[in-house]
Amino acid sequence: MTIPTELDRRFRTTAAALGLVDVGFDVVESPVGDLFVAASDRGLASISYDADPERQLERLARIAGPRVLRSPASVDVARRELDEYFAGRRQAFDLSLDLRALPPFTLDVLRELARVPYGETTTYGALAARVGRPRAARAVGTVMNRNRIPIVLPCHRVVGSTGDLTGYAGGLDRKLRLLRLEGAFS
Amino acid sequence: MMQNVAIPPFERFYEEHRSEVFRLLRRRLGAERAEDAYQETFLRALQAYRRLEHGEHLRAWILTIAKNVAVDTLRRARPADDVGEQAVQDGRPAYEELAPLTDGLPPKERAAVVLRYGYDLSYHQIAAALGSSEDAARQAASTGVRRLRRRTSS
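Chains as they are written, first to last, in the numbering used here: chain A, 1 to 186; chain B, 1001 to 1154.
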């Protein structure tokens, strides 16, 4: 028996409003493809270019708890800011982030990454130096590759020391597209 | 020992059982009242979900919650003197294989005994299913067991 759409929607909205959800998610459309976006009561927990929830649920549950529920209201703020960013009307995100369970080095690197300004690029080596580990460029690359919140934590702004794009978990096309949107790459 | 079944992310659990829950509630309450009861059933489940100890027998668990929500709904809608009879009728869990053993126990005791000893659920899970406290669930199971012992020894 099919559940009436309105009833299903009402349950999901109520559950999130009552704070009974560990992490709520939805799929958000964007110019770089559909994004899987998830938020907990601590803040934005995940953005993934693999938008199929089926492949994200277990991972999210490990991070934030088993009460993972699709609820568009949970990601309303993130959706609005992402829309503004892609429309070229927003240069910095004003979102709290759920970075729980990440190791100290990763947190240090992500904190420095968050300071890289819109429209500019930096290198893996420079980021490594800024966290006091100048020889850890490769480890910084690994942190970028595993970044749970791309776009908002702008790993697309990190390039190789010779200026080539190097790599991107979402594919080089997307990296280039984001940098062009920001006017950092013509 | 069998290894504990992992607790699925709630979304997966919800999608797997929502149709059956809705069907059950419609059958017992009619289309209109089933909608509120549906929401209440899954909100109760969410409340208890984080403290589940394993992912076994989740179907039995959610159907028991739904049945109890249906009983509560009917109780609210009926004059007080009808309540007892209705609760017995609707509170009866459909665990046919255990029916001969626990038949005749009051509904809450019967549900508590079956969930505890038939399905090995924790008192926390049972409390959520019955809409009661853990203490009340433990009490219901132990009273039920004592009642059964008296019956089998007499």
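Bear in mind the hints are in silico, worked out from the structure with no lab data behind them.
The structure presented is a predicted model; accordingly, all values stated were derived computationally and were not measured.
We put the beta carbon where it would ideally sit given N, CA and C, even for glycine.
Be aware that one or more of the hints could be misleading.
Partial selection, computed: residues in chain A whose CB lies under 7 Å from chain B [claimed, not checked]:
(1) MET1
(2) ILE3
(3) LEU7
(4) PHE11
(5) ALA15
(6) VAL28
(7) PRO31
(8) VAL32
(9) ALA61
(10) ILE63
(11) PRO66
(12) ARG67
(13) VAL68
(14) ARG70
For each hint, the structure was consulted:
no.	hint	verdict
1	MET1	5 Å, holds
2	ILE3	5 Å, holds
3	LEU7	5 Å, holds
4	PHE11	5 Å, holds
5	ALA15	6 Å, holds
6	VAL28	17 Å, violated
7	PRO31	27 Å, violated
8	VAL32	25 Å, violated
9	ALA61	4 Å, holds
10	ILE63	11 Å, violated
11	PRO66	5 Å, holds
12	ARG67	5 Å, holds
13	VAL68	4 Å, holds
14	ARG70	6 Å, holds
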